[in-house]
Structures are given as structure tokens and as C-alpha cells.
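Position chain B with the ligands against the provided structure of chain A, taking the given hints into account.
So the chains spell out like this:
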Amino acid sequence: MAEVLVFVDHVDGAVRKPTLELLTLARRIGDPVAVVLGGGAGVAAGVLAEHGAVRVLAADAPEFAEFLVVPKVDALQAAVEVVSPVAVLLPSSAENKEIAARLAVRIGSGIITDATDLEAGEEGVVATQSAFAASFTTKSRVSRGAAVVTVKPNSAPVEAAPAAGVVEELVVVFSALARGTKVLSRTPRESTGRPELTEAAIVVSGGRGVNGADNFRVIEALADSLGAAVGASRAAVDAGWYPHTNQVGQTGKSVSPQLYIASGISGAIQHRAGMQTSKTIVAINKDAEAPIFDLVDYGVVGDLFNVVPQLTDEVTARKN
Amino acid sequence: MSLRIVVCVKYVPDATGDRHFADDLTLDREDVDGLLSELDEYAVEQALQIADEADDAEVTVLTVGPEDAKDALRKALSMGADKAVHVEDDDLHGTDAVGTSLVLARAVEKTGYDLVISGMASTDGAMGVVPALLAERLGVAQVTLLSEVAVEGGVVTGRRDGDTASERVEASLPAVVSVTDQSGEARYPSFKGIMAAKKKPVVSLDLGDLGLDAGEVGLGGAWTVVDSAVQRPARTAGTIVKDEGEGGKRLAEFLAGQKFI
Ligand SMILES: Cc1cc2nc3c(=O)[nH]c(=O)nc-3n(C[C@H](O)[C@H](O)[C@H](O)COP(=O)(O)OP(=O)(O)OC[C@H]3O[C@@H](n4cnc5c(N)ncnc54)[C@H](O)[C@@H]3O)c2cc1C
Ligand SMILES: Cc1cc2nc3c(=O)[nH]c(=O)nc-3n(C[C@H](O)[C@H](O)[C@H](O)COP(=O)(O)OP(=O)(O)OC[C@H]3O[C@@H](n4cnc5c(N)ncnc54)[C@H](O)[C@@H]3O)c2cc1C
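Protein sequence lines correspond, in order, to chains A and B. Take the first sequence: its position 119, counting from 1, is numbered 421 in this note's numbering, and each next residue is one higher. Take the second sequence: its position 177, counting from 1, is numbered 178 in this note's numbering, and each next residue is one higher.
If we strip away everything but chain A, and leave its shape as in the complex, we get (with noise of 0.2 Å):
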């Protein structure tokens, strides 16, 4: 069967959901081969091979860390070239759309970014994407090379399908220009305990409405009695009340969760093409008018210092 590689998001060995999802979709389309870059490898390996990988290549250089992109593309294209791949899958995220974009480029592939689900098709792998802030659903295919996607988190379940998953070096002659772009220092994000907004199954999002730093305790209380990661619009962000890491939307994060809460947030077209696919949408809103109120299933008119709170309590008592 053709060989698909799989390219894997990990901290130290520790894999992240997505790439388990991408696992899932690559077994649609052949045997999933996995490449580990960075330390780890043999941590990652175990959970690789139940997921379906047929086999696992890794590389560990102090390339991968202290300079930006290029080298990773020098190790994915050195596994094309051991593997000759149909396709190329890699977790959309902004570093890896751009390695996603230089390997292709290389390798004489078509890309395609932000697909949403994948298929084995007559002419080649398809892929579905949402266009203009998810009005419209795509389908495309590389009619070039192997098909090079990056695929956006909470596209396809998570399912164990055990494979041999047998480890291989993976030897990667750096490109001359691997060590153009270096990063001078990194500053890791401080947990916040929370999910991973990209990844979460549920968001609860503030904007404007929430007025100022100290409310979004408000928002926060709620994201926690439903376990849920925490979004804010660009307003909540450029006001300073919230990280940027966390905003949702065209130039936040694109988050498609099953349940998505918007609290103070008009929803505006650009915060809309971050959350539009969300499978249940919230809102709760003073203004009756809020566009944002087009979008969901079930809508609050109301204060949210009055409806959040109330709806908080009302989920923890539930719970217990």
C-alpha cells in the first residue's frame, strides 16, 4: 500500500491530539509512516505505532530548535525521499503551513492548507477546506506531486489502530540555508492548566462586553466549570485584557470546537472566520441586534455579568 507521511507535533516525546487525528485521516489513504523531529522519539514512538504508524523516522539536531523552519523542511523533504510518500500531512499551524510551503515548493507539490477532512479519490487524495470565513465548503486536489496538506486540529477522531511502528534513523544533510534564520532566545508560554485552545472540545470566549482585565475572571469561571479553553476577541486583546495567544479569529487562532461560547462579542466577519465551524454556537449578548446572534443555535439576550455567573453555578451544581 502507498506510504503517507505523517509529520508529528510533539513537545519531548509528548504527542499532541492533532497529529493522532491526522493519523486517523492518513490510514484513509494509505500507511501512515511518521517523522519525529527533535528529542523524544522513542517516548512518541509508543503512541505513533498505536495510532497507526507503520513505521517511525527520527532526527534529533540542535538545528531543529535554534533555527526557524528551514531545517525541519531539510528533514521532512530527506523523508520523501526515503519513503516517496502520495502525500505529505502535517498539523495546521503557522510554522507548519510555512514548512508545509517550502517542501512543496522542492518537491514539485501542489499544497493545500486548513483542510477540514480527506479522502482517497480516483485522481488522488481531496481534501475539503472552508473558504471566505467558512461560507463555503471546497474540495481540492494537488494535480502536482504528492499531495502536501496541512490539515486543521478537530478534523477527525481520535482512533487506536495498532501498527508495528518500528523506529528508523532519519539522516538529514542540512541545506545551506538551515542555519539562515536564528532564534536568538524563547520564552515558553506559561500553562495555564487549561486545553489548548486550538484543540479544546469546548471555548468559551469574551470580547469588549467583558470591560476590562479583572471581568475576565467571569469568562474564566465558566471555561473551567465546563473544562473548556479560553477565547477572547480582538477587541478583549488590543484593549490589553487578555493574550493575544488567546484571541480567535482571521488573524487569532481558528478554533472548531463542538460547543463555542461568545460572551460580549458581536461577532464581527473576521472574529467570525475563526469560529464559524464550531459544531454548537452560544451567544450571549445585551444587544438583540448582534450579528453574531445569526450564527447560533441558542442566544441570551442579556447582561453576561448577570448570565454567565448564573449559568457557572448552575453547571457546577449539575455536575456534583
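Treat each hint with caution, since some may be false.
Taking beta-carbon pairs under 10 Å as the criterion, some of the chain B residues facing chain A (in silico) [claimed, not checked]:
{"#": "1", "residue": "Arg20"}
{"#": "2", "residue": "Ala23"}
{"#": "3", "residue": "Asp24"}
{"#": "4", "residue": "Asp25"}
{"#": "5", "residue": "Thr124"}
{"#": "6", "residue": "Thr145"}
{"#": "7", "residue": "Val227"}
{"#": "8", "residue": "Asp228"}
Below, simulated SDA-like cross-link-like pairs (lysine to any residue); rule was C-alpha separation at most 25 Å, straight line [what the hints assert, rightly or not]:
{"#": "9", "chain 1": "A", "residue 1": "Lys399", "chain 2": "B", "residue 2": "Lys201"}
{"#": "10", "chain 1": "B", "residue 1": "Lys193", "chain 2": "B", "residue 2": "Asp56"}
{"#": "11", "chain 1": "B", "residue 1": "Lys71", "chain 2": "B", "residue 2": "Val33"}
{"#": "12", "chain 1": "A", "residue 1": "Lys441", "chain 2": "B", "residue 2": "Asp29"}
{"#": "13", "chain 1": "A", "residue 1": "Lys581", "chain 2": "A", "residue 2": "Glu461"}
{"#": "14", "chain 1": "A", "residue 1": "Lys484", "chain 2": "B", "residue 2": "Leu139"}
{"#": "15", "chain 1": "A", "residue 1": "Lys441", "chain 2": "B", "residue 2": "Gly95"}
{"#": "16", "chain 1": "A", "residue 1": "Lys581", "chain 2": "B", "residue 2": "Glu254"}
{"#": "17", "chain 1": "A", "residue 1": "Lys319", "chain 2": "A", "residue 2": "Ala436"}
{"#": "18", "chain 1": "A", "residue 1": "Lys319", "chain 2": "B", "residue 2": "Asp56"}
{"#": "19", "chain 1": "A", "residue 1": "Lys399", "chain 2": "A", "residue 2": "Gly410"}
{"#": "20", "chain 1": "B", "residue 1": "Lys201", "chain 2": "B", "residue 2": "Gly35"}
{"#": "21", "chain 1": "A", "residue 1": "Lys441", "chain 2": "B", "residue 2": "Glu254"}
{"#": "22", "chain 1": "B", "residue 1": "Lys199", "chain 2": "B", "residue 2": "Thr112"}
Computed far set for chain A versus chain B, every beta-carbon distance over 12 Å [unchecked claim]:
{"#": "23", "residue": "Asp311"}
{"#": "24", "residue": "Val356"}
{"#": "25", "residue": "Asp362"}
{"#": "26", "residue": "Ser386"}
{"#": "27", "residue": "Val388"}
{"#": "28", "residue": "Ala466"}
{"#": "29", "residue": "Val468"}
{"#": "30", "residue": "Glu470"}
{"#": "31", "residue": "Arg510"}
{"#": "32", "residue": "Val609"}
Hints are computed from structural coordinates only; laboratory data are not their basis. Quick reminder that beta carbons are idealized off the backbone N, C-alpha and C, glycines included.
Quick look at chain B with the ligands alone, frame taken from chain A:
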């Protein structure tokens, strides 16, 4: 020594309009107003600031797009860029991302550059890949997704805020930079700027000028194919209730009914 900065700006359909696909599954440009992609205004802004800091610098704005794309160039010129390059050719219709990067790379090389600055993503295709593609094509360093950027002594440094960490990065020129909307508000064109823009040169280039064949670009030369584009059904109208003291509780009922609690 003069610092040559090329800013890539895209002409896009207005996101607040009713955007859709044409029969050949490319972007329908007929029914929606076009404009300079808002995210590229941030690129123009950073270019102008870098040019101000340099002893001697020239800012050229570059677009690949149909005739109307001149509007995007005029806007960038009125913000303060010095000159513009417009690549227009009927054969460009339907060009995909790898094709766009090929055309941009040729135009950048022809213009001459030390630094290329792009937006983080277009507001239509929104792939966020062109800067990386361009760096690969040009064979130079990429310093992308910067929320802060500075150029000094032939070196570009910046801050890249990623998912798991915030990084300080640096590269020697020539390089391709892309900036986010966190990099600083873009200036509004002044009346003086708008008047001055009318006199600034706009150079038009076609595929022949760039040594490219029609077969390398456009729908025919694309390495990707769109097979279908279907409008998503409008979401069915949901339940909307007014809070009269029990809004939170009723919402909890709804969430419980949907098995979220
Ligand atoms: C190029 C570009 C990119 C952008 N990218 C993004 C992006 O990624 N994400 C994003 O979100 N935006 C983005 N924006 C900004 C976007 O256009 C809107 O300005 C922004 O989403 C508005 O945020 P908001 O809904 O919180 O604020 P507003 O539009 O001001 O809405 C606040 C809402 O809160 C309600 N409200 C106020 N008080 C209360 C209360 N006590 N209880 C209940 N409701 C209350 C009001 O009725 C109002 O509807 C972008 C804009 C541009 C130009
Ligand atoms: C809805 C939609 C989906 C698409 N999906 C795909 C796809 O999956 N694969 C594919 O190969 N193509 C796709 N395309 C085509 C692709 O968008 C165009 O080829 C486009 O020119 C490059 O990608 P982008 O607009 O996403 O740019 P991005 O990569 O998002 O743009 C980043 C920056 O590059 C610069 N830039 C981009 N285009 C130009 C330009 N023409 N002139 C000057 N500067 C520019 C700007 O500075 C911009 O801010 C799609 C187009 C649309 C409208």
C-alpha cells in the same frame, strides 16, 4: 548604501461583502469591491518605519493581480511608498500559491531588493504561505510572523509569537519578512500623501517581462485543482431568549439537553 525594500501587497475582495466563486471555481471579482488586503497595510507600515530609520532607503510596493489591483498600489503609495510594480497578465487568472510565489520572486528579483516585507496572510485565500514560498524561491532567509521588527547593519531582528513560545529571531539580509497585525497600527494616508501618490511611478510588467511562460501560471499551470465549491447552508435559526432573570439557568438547560453538561 541604499536599503531596497519591496513590499508585497495583495488586492482582495472586501471581506464584508458577499464573496463567492465564479463558474471556473476561481474567485469571483465581478460582484464585490476590491481593496488592499488590510493585513498588508501592516507590512507597508513596517516598511515605511524601517525606511525612516535607515540613512537611505527606497520602498517599492509590488502586486500580482488584475487591472483593478492598481487601487491597492495607490493606497500603499498614498501611505508613503516611493514606487510601485504591478504584474498583470490575463494568463495569471487562477494562479495558485506556488505559482504566485514564482511570479512574485521573478518580479522581486527584477526590481532588486535587500528586504521583502509581506503581510501574515491574505484576507481571501488566507493560506499564510506566500512569504515562506517566496523565501524558498529567492533562496534567502525567512523571518516571518513578526510582531516587532527592526533592521540595523544589514541584519533583521524581530519577535515571533508562536503557539508555544515567543521567540527573538535574526537573519542577515537579504531576507523575506512577514509581519502580523500586532506589529503596530498602520497609518492613514494623508491628503498630501494621496495627492503625491498620483505622481508616483507605477511600472507594469507582464509574464514576458519576467521570463515566464503562460503554462507555468494561471489555472492551467496550477499545481492544485478545485473540484467543487458549495455554499454552506445558512445556519438554521436558533432559539433566542431574553434574560429575565433566569437566562443562565435556561442556557444550562439547553447545554444539558445537548449533553454538554
Ligand atoms: C485585518 C483585521 C483582522 C482582524 N482579526 C480579528 C480576529 O482575529 N479576531 C477578532 O475577534 N477580531 C478581529 N478583527 C476585529 C473585528 O473586526 C472586530 O473589531 C472585533 O471582533 C470586535 O470585537 P468584539 O466583538 O469583542 O467587540 P465589539 O464589536 O465592540 O462588540 C462588543 C459586544 O459586546 C456587547 N456587550 C457589551 N457589554 C455587554 C454586557 N455587559 N453583556 C453582554 N454583552 C455586552 C455589545 O452589545 C457588543 O455586541 C480584525 C479586524 C481586522 C481589520
Ligand atoms: C478561498 C481560496 C482558497 C485557496 N486555496 C488554495 C490552496 O489550497 N492552494 C493553493 O495553492 N492556492 C489556493 N488559493 C489561491 C491562493 O490564495 C492564491 O494563489 C494567492 O495569491 C496566494 O495565497 P494567499 O492569497 O492565501 O496568500 P497568503 O499566503 O495568505 O499571503 C501572505 C502574503 O503574501 C503576499 N501576497 C500574496 N499574494 C500576493 C499577490 N498576488 N501579490 C502580492 N503579494 C501577495 C501578501 O503580502 C500577503 O499578505 C486559494 C484562493 C482562495 C480565494
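Hint-by-hint comparison with the structure:
no., hint, result
1, Arg20, "holds (4 Å)"
2, Ala23, "violated (12 Å)"
3, Asp24, "violated (14 Å)"
4, Asp25, "violated (13 Å)"
5, Thr124, "holds (7 Å)"
6, Thr145, "holds (6 Å)"
7, Val227, "holds (5 Å)"
8, Asp228, "holds (5 Å)"
9, A/Lys399 x B/Lys201, "violated (36 Å)"
10, B/Lys193 x B/Asp56, "holds (23 Å)"
11, B/Lys71 x B/Val33, "holds (16 Å)"
12, A/Lys441 x B/Asp29, "holds (17 Å)"
13, A/Lys581 x A/Glu461, "holds (20 Å)"
14, A/Lys484 x B/Leu139, "holds (18 Å)"
15, A/Lys441 x B/Gly95, "holds (16 Å)"
16, A/Lys581 x B/Glu254, "holds (18 Å)"
17, A/Lys319 x A/Ala436, "holds (23 Å)"
18, A/Lys319 x B/Asp56, "violated (49 Å)"
19, A/Lys399 x A/Gly410, "holds (16 Å)"
20, B/Lys201 x B/Gly35, "holds (21 Å)"
21, A/Lys441 x B/Glu254, "violated (38 Å)"
22, B/Lys199 x B/Thr112, "holds (21 Å)"
23, Asp311, "violated (9 Å)"
24, Val356, "holds (28 Å)"
25, Asp362, "holds (18 Å)"
26, Ser386, "holds (18 Å)"
27, Val388, "holds (15 Å)"
28, Ala466, "holds (30 Å)"
29, Val468, "holds (29 Å)"
30, Glu470, "holds (27 Å)"
31, Arg510, "holds (17 Å)"
32, Val609, "violated (4 Å)"
The structure is inconsistent with the numbered hints 2, 3, 4, 9, 18, 21, 23, 32, although it conforms to all the rest.
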